[in-house]
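J.: Here are the chains, one letter per residue:
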Amino acid sequence: DVVMTQTPVSLSVSLGGQVSISCRSSQSLVHNNGNTYLSWYLQKPGQSPQLLIYKVSNRFSGISDRFSGSGSGTDFTLKISRVEPDDLGVYYCGQGTQYPLTFGSGTKLEIK
Amino acid sequence: EVKLLESGGGLVQPGGSLRLSCAASGFTFADFYMSWIRQSPGKAPEWLSFIRNKANSYTTEYNPSVKGRFTISRDDTQNVLYLQMNTLRAEDTAIYYCAKHQGNWFAYWGQGTLVTVSS
Numbered sequence: 006d007v008v009m010t011q012t013p014v015s016l017s018v019s020l021g022g023q024v025s026i027s028c029r030s031s032q033s034l035v036h037n038n039g040n041t042y043l044s045w046y047l048q049k050p051g052q053s054p055q056l057l058i059y060k061v062s063n064r065f066s067g068i069s070d071r072f073s074g075s076g077s078g079t080d081f082t083l084k085i086s087r088v089e090p091d092d093l094g095v096y097y098c099g100q101g102t103q104y105p106l107t108f109g110s111g112t113k114l115e116i117k
Numbered sequence: 003e004v005k006l007l008e009s010g011g012g013l014v015q016p017g018g019s020l021r022l023s024c025a026a027s028g029f030t031f032a033d034f035y036m037s038w039i040r041q042s043p044g045k046a047p048e049w050l051s052f053i054r055n056k057a058n059s060y061t062t063e064y065n066p067s068v069k070g071r072f073t074i075s076r077d078d079t080q081n082v083l084y085l086q087m088n089t090l091r092a093e094d095t096a097i098y099y100c101a102k103h104q105g106n107w108f109a110y111w112g113q114g115t116l117v118t119v120s121s
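Going down the list, the sequences are from chains A and B.
Letter 99 of the first sequence, counting from 1, is numbered 104 in the numbering used here, and no numbers are missing.
Letter 10 of the second sequence, counting from 1, is numbered 12 in the numbering used here, and no numbers are missing.
Simulated from the structure, these hints should not be mistaken for lab results.
Heads up, the beta-carbon is just placed ideally off N, CA and C, and yes, glycines get one too.
One or more hints might be untrue.
Derived DEER-like restraints, expressed as beta-carbon distance ranges [to be verified]: (1) B:104 x A:116: 23 to 31 Å; (2) A:89 x B:60: 36 to 44 Å; (3) A:22 x B:66: 37 to 45 Å; (4) B:17 x A:18: 26 to 34 Å; (5) B:29 x A:8: 29 to 37 Å; (6) A:27 x B:45: 33 to 41 Å; (7) B:19 x A:21: 33 to 41 Å.
Result set (PhoX-like, lysine-lysine): computed pairs, CA atoms no more than 20 Å apart in a straight line [what the hints assert, rightly or not]: (8) B:56 x A:49; (9) A:60 x A:117; (10) B:69 x A:113; (11) A:117 x A:84; (12) B:5 x A:49; (13) A:60 x A:84.
Listed next, the stretches of chain A that the computed footprint assigns to chain B, with coverage defined by at least 3 CB atoms under 8 Å from CB atoms of chain B [to be verified]: (14) 70-76; (15) 79-89; (16) 98-109.
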């Protein structure tokens, strides 16, 4: 299985600040078709996860441009700028390149 | 608006069975791949199973952790996704979500249904 390792486990940020979350995969996420299936999800308290970013850097419909994804191969980053109160929750990266599909263990974002 | 509504969860004894349903609306269900994902309290989501559409022969994929015990299926005439779960264990206790694919990622998730396996 592809193991997804997220760091940090948690972080605290002031409103208006910027944070980065790292996600590293145990194998390259480049699919045979040339696409890299790395996605990011946010699970707000008491809610189901919601898609933020797909294929490394593509924002899903309705997602603010304050969220940006980057990376390649095995190393990926989610950046959140101008942090707002509604951004708090747990962020997960996920890979869709190889079965079984797997998720990182999550990064909890708290607002100072 | 895409809506996914899971049902069928509840309390079941170890070794028992349960069938979950996911009623879909707001999109052409028959055209899309669908998955089941679960999440134990305080843990990351765990993908369980995936079913392709009719154009791709309804083929399926399973996580080895549930292969042989869980079966995914769909009824495109009723816009419903199913998960048949057999030989349930305490470690199967979790919230179970259905999710709509958009490529190899989960574009929309339902609100989940809680399954508790306990005697």
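J.: Against this structure, judge whether each hint is valid.
T.: Hint check results:
no. : hint                      : in the structure
1   : B:104 x A:116: 23 to 31 Å : holds, 30 Å
2   : A:89 x B:60: 36 to 44 Å   : holds, 42 Å
3   : A:22 x B:66: 37 to 45 Å   : holds, 41 Å
4   : B:17 x A:18: 26 to 34 Å   : violated, 47 Å
5   : B:29 x A:8: 29 to 37 Å    : holds, 33 Å
6   : A:27 x B:45: 33 to 41 Å   : violated, 20 Å
7   : B:19 x A:21: 33 to 41 Å   : violated, 51 Å
8   : B:56 x A:49               : violated, 34 Å
9   : A:60 x A:117              : violated, 31 Å
10  : B:69 x A:113              : violated, 31 Å
11  : A:117 x A:84              : holds, 18 Å
12  : B:5 x A:49                : holds, 18 Å
13  : A:60 x A:84               : holds, 15 Å
14  : 70-76                     : violated (count 0)
15  : 79-89                     : violated (count 0)
16  : 98-109                    : holds (count 9)
Against the hints set out earlier in the document, violations occur for numbers 4, 6, 7, 8, 9, 10, 14, 15.
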